[in-house]
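Protein chains: 2
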Amino acid sequence: MNALAQTPGSVEAEVREIGRRARAAAERLALASSDAKRQGLAAAAETLRADMGRIIEANRRDMEAAGELSAPMRDRLLLDEKRVRGMADGVAIVADLPDPVGEVTARWTRPNGLVIERVRVPLGVIGIIYESRPNVTADAASLCIKAGNAAILRGGSESFHSSAAILASFRRGLAAAGLPEDAAQSIPTRDRAAVGAMLRLTDFIDVIVPRGGKGLIARVIEESRIPVLKHLDGNCHVYVHAAADLATARAVVMNAKMRRTSVCGAAESLLCDRAVAETHLKPILADLIAAGCEIRGDAETRQLEPRARPATEEDWTTEYLDAILAVRVVDGLEQAIDHVNRLGSHHTDSILTEDEAAAQKFLAEVDSAIVLHNASTQFADGGEFGFGAEIGISTGKLHARGPVGAAELTSYKYAVHGTGQVRP
Amino acid sequence: MNALAQTPGSVEAEVREIGRRARAAAERLALASSDAKRQGLAAAAETLRADMGRIIEANRRDMEAAGELSAPMRDRLLLDEKRVRGMADGVAIVADLPDPVGEVTARWTRPNGLVIERVRVPLGVIGIIYESRPNVTADAASLCIKAGNAAILRGGSESFHSSAAILASFRRGLAAAGLPEDAAQSIPTRDRAAVGAMLRLTDFIDVIVPRGGKGLIARVIEESRIPVLKHLDGNCHVYVHAAADLATARAVVMNAKMRRTSVCGAAESLLCDRAVAETHLKPILADLIAAGCEIRGDAETRQLEPRARPATEEDWTTEYLDAILAVRVVDGLEQAIDHVNRLGSHHTDSILTEDEAAAQKFLAEVDSAIVLHNASTQFADGGEFGFGAEIGISTGKLHARGPVGAAELTSYKYAVHGTGQVRP
Chain E
-8 MNALAQTPGS VEAEVREIGR RARAAAERLA LASSDAKRQG LAAAAETLRA
42 DMGRIIEANR RDMEAAGELS APMRDRLLLD EKRVRGMADG VAIVADLPDP
92 VGEVTARWTR PNGLVIERVR VPLGVIGIIY ESRPNVTADA ASLCIKAGNA
142 AILRGGSESF HSSAAILASF RRGLAAAGLP EDAAQSIPTR DRAAVGAMLR
192 LTDFIDVIVP RGGKGLIARV IEESRIPVLK HLDGNCHVYV HAAADLATAR
242 AVVMNAKMRR TSVCGAAESL LCDRAVAETH LKPILADLIA AGCEIRGDAE
292 TRQLEPRARP ATEEDWTTEY LDAILAVRVV DGLEQAIDHV NRLGSHHTDS
342 ILTEDEAAAQ KFLAEVDSAI VLHNASTQFA DGGEFGFGAE IGISTGKLHA
392 RGPVGAAELT SYKYAVHGTG QVRP
Chain Y
-8 MNALAQTPGS VEAEVREIGR RARAAAERLA LASSDAKRQG LAAAAETLRA
42 DMGRIIEANR RDMEAAGELS APMRDRLLLD EKRVRGMADG VAIVADLPDP
92 VGEVTARWTR PNGLVIERVR VPLGVIGIIY ESRPNVTADA ASLCIKAGNA
142 AILRGGSESF HSSAAILASF RRGLAAAGLP EDAAQSIPTR DRAAVGAMLR
192 LTDFIDVIVP RGGKGLIARV IEESRIPVLK HLDGNCHVYV HAAADLATAR
242 AVVMNAKMRR TSVCGAAESL LCDRAVAETH LKPILADLIA AGCEIRGDAE
292 TRQLEPRARP ATEEDWTTEY LDAILAVRVV DGLEQAIDHV NRLGSHHTDS
342 ILTEDEAAAQ KFLAEVDSAI VLHNASTQFA DGGEFGFGAE IGISTGKLHA
392 RGPVGAAELT SYKYAVHGTG QVRP
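Those protein sequence lines, which keep their order, are chains E and Y. Numbering-wise (my numbering), the first sequence opens with residue -8 and increments by one. Numbering-wise (my numbering), the second sequence opens with residue -8 and increments by one.
Don't read these hints as lab results, they were simulated from the structure. Please note: incorrect hints may appear among the correct ones.
The list cannot tell twin chains apart, which means a pair is met if one copy fits it or any two copies do.
Said to hold, decoys possible - Here are the computed lysine to aspartate or glutamate pairs in the EDC-like style, where the Cα-Cα straight-line distance is at most 16 Å:
#, residue 1, residue 2
1, Lys221, Asp194
2, Lys221, Asp236
3, Lys273, Glu296
4, Lys352, Glu18
5, Lys221, Asp322
Please construct the entire structure, taking both the sequences and the accompanying hints into account.
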């Protein structure tokens, strides 16, 4: 299809038709048995493995056109045998997850004898808008389908051929197992107007999940007429409290910052109580510098560690996704909580302390999706929570917060069992 | 304040300032103890009782200006001693409800020893936009505060003075008990631009709850940049299946339609299997007509009951909120489910049958917030569900579906308890 030849009206009509087919597929999928969904996803994992050559060939076309992209972007785009196998394995793992649909999450009996059950049901149709990493195509579609939803995928134009090849293979698997192919569809045009059309398709899409950089997410939030499960930046903090154990603090700060610097759960700011700046912060910073991390500190930090560069106001709100850490010495717990709530991004924050009361206060008062005590912020991950897989980490408070797994991609209904009750 | 003298910019600035204060109040309220919230609401119930004279006097001013309103509108607007007392009692009931905040709704331990807890937390700031009934001011504010949220209220201009008097009294109670007054604020202008400004206040309002007619809700859904807990129309169905018990069917249909015709859970359509049209539908329709209900039927219904008027296509999708019922004879379960899903409003629908398998299929396949077996649709009510109070019935699938009580006005966070774990 030649995107340039399309008029805005025809893009809209095309997106609408995709939405209509997704709704029909979602209605069938909502009634599919757990076994049928498991078999469909297992079959999709198989076809992805079988189609490896075709997928890598399609990816080569994207890579050829991606000459002008940065090295990290090119790396995210690249598919090799290992990555395709990893993607197929991911789909197979989702296939074997427990089915959330049909789960009775509450049941009670009213004085009049009515038995009320709250039962998990699928959300319906989920629109996923993502950038560069083509494996999102299979990851996101499989999680949506596990929860009985249809997915409409809109990948970045740089991964156009890769995503199309992955989707074709995935759909072939679904169809082979008797699931509706249209449970996973993509928008088959690079026309940017298609994103706008998706974001206005209120009658056919129930929720939009954007995955990508700040620019993409800001555009989606601004334009969408459909509820958005948003994943904003992860400006995560580690706070070394006066009662922190030194060995724990050294190990956790190093892991939170340096294990992988590019993930949303990576620590971007470190706060340390003045009382333990000399004993704890000094060796922690020496460790980090030795590991190749740049330190941007406030005045007290720089006195303690002369190799630190000065931190500006901007540093306290920046998600570096790199080997850089903003460091501030604080008076104590109150100031640390205030700093995190005012300057953080309400994603994931950790306190390191042996003082249980201080930990409780931090966990209660820090207004973030994930708050940790004596553990690394890099545990902010659906897999680490035991969800098997996640479609992202929600920083919003509506519907889902924190890792969004299959259960978070469901709604519920009330089933009320009576024996002829009428209301007085 | 003279609304006419305000420029659009000043309305926006005023709404923004209200939002800023609501956010500050919400931050304090999120940390308030269960006792403090209970005492604050109990005090507000007291001041409402003490200020009865002032509230009724304010209502008189609204009633005088409401000469041109219809009789039902005037009735909804009117406050007398009994209604003010009922409103205060409602606040006292909410005061004594269990506090949802802090409830640990799930707890599990990971293989690495991390203990993960999902803990209920408040949503933040809730914007409520409502029409005519001034008691919503106290009802909605008390439920929001119970769940630790601040409320920004925007009532209809016809209830301007009544709502202001109720709110002033309510705030006096909160303040007397040491809760932040700004946990309940209203937009103190009749300027319609204020609603638009509220709907764009994404940084200070977390969720919008519209309560009112279709026009209001449609405007809110169209204009809001903030997530909406929507309550669309209740086109509720009762389906008399071939295996329905006759006495149950007569009692439930009568109650579902005629107990109160103006509530969203009132039945608006009746479906009956052809197999029992003669035995069941005929006496049911005779009962209804005797009770003053107008019947609009399809051809088969009209053959059975000559007093029925012909139903048009529009009747199948209309929420009458009146003593009118659309009636159709169907082939059986499949056709009934298809009718409800295609023409209903996904609110509340009931099957009457002694056949357990048929009931299970209906409950599973009808895509509505509330599905009932052998019970009246008029049970669609937070009180009847045991929630103590509700802010509305959500027909959306995101975040909350069905009756929205205090628990549905919360979000959650994950509190993770470690002993120094780092991620491998």
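- prompt: Failing hints, ascending?
  reply: Hints 2 and 5 not satisfied by this model.
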